[in-house]
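Asks: When we follow our numbering, the leftmost residue of the sequence shown carries the number 566, and every step to the right adds one.
No wet-lab data here; the hints were simulated from the structure.
Treat the hints with care, as some may be off.
[As the list claims (entries may be wrong)] Okay, the calculated beta carbon distance ranges per label pair:
id	residue 1	residue 2	range
1	I657	V578	50 to 56 Å
2	Y665	S575	35 to 41 Å
3	A586	G651	51 to 57 Å
Note that the structure is predicted; figures quoted are calculated from it, not measured.
Ideal Cβ positions, reconstructed from N, Cα and C, are used throughout, including at glycine.
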Amino acid sequence: MFAELKKWGSLFVLVVGLITAVFLIISSLNNVKSAELDVGETVITDGEYVVLSWNDLGMHCYNRDFQDLAVLPPYNTLWAQVVKKGDPPQIITEDITVTYEFP
Numbered sequence: 566m567f568a569e570l571k572k573w574g575s576l577f578v579l580v581v582g583l584i585t586a587v588f589l590i591i592s593s594l595n596n597v598k599s600a601e602l603d604v605g606e607t608v609i610t611d612g613e614y615v616v617l618s619w620n621d622l623g624m625h626c627y628n629r630d631f632q633d634l635a636v637l638p639p640y641n642t643l644w645a646q647v648v649k650k651g652d653p654p655q656i657i658t659e660d661i662t663v664t665y666e667f668p
């Protein structure tokens, strides 16, 4: 009985491995197609300030074109830095509050 259970367990691992490999191949092909799309140009606004933001979980939280910031489940840390445009630019650290919300 143990030999038959071992055989089915090995078959299960093989099937799961094949399904995972197919999924990864399909996902990578979709990423290649989306990388070929024109995502437009960066728009420089006339505003006096720029807000840079990032998630502390690393690069896997970024989108391919940086038009939106991806925030994962609640209680993750979102960092932001406000910079006043100019020559030289000034990092703003006082008398400012940066907030975010989800609609």
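Asks: If a hint holds in the structure, say so; if it does not, say that too.
Replies: Hints and how they fare:
1. Taking the beta carbon of each, I657 and V578 are about 55 Å apart, inside 50 to 56 Å as hinted.
2. Restraint check, Y665 to S575: a C-beta distance of roughly 49 Å breaks the suggested window 35 to 41 Å.
3. The beta-carbon spacing between A586 and G651, approximately 53 Å, falls within the hinted interval of 51 to 57 Å.
The structure fails to meet hint 2 from the earlier list, while all remaining hints are met.
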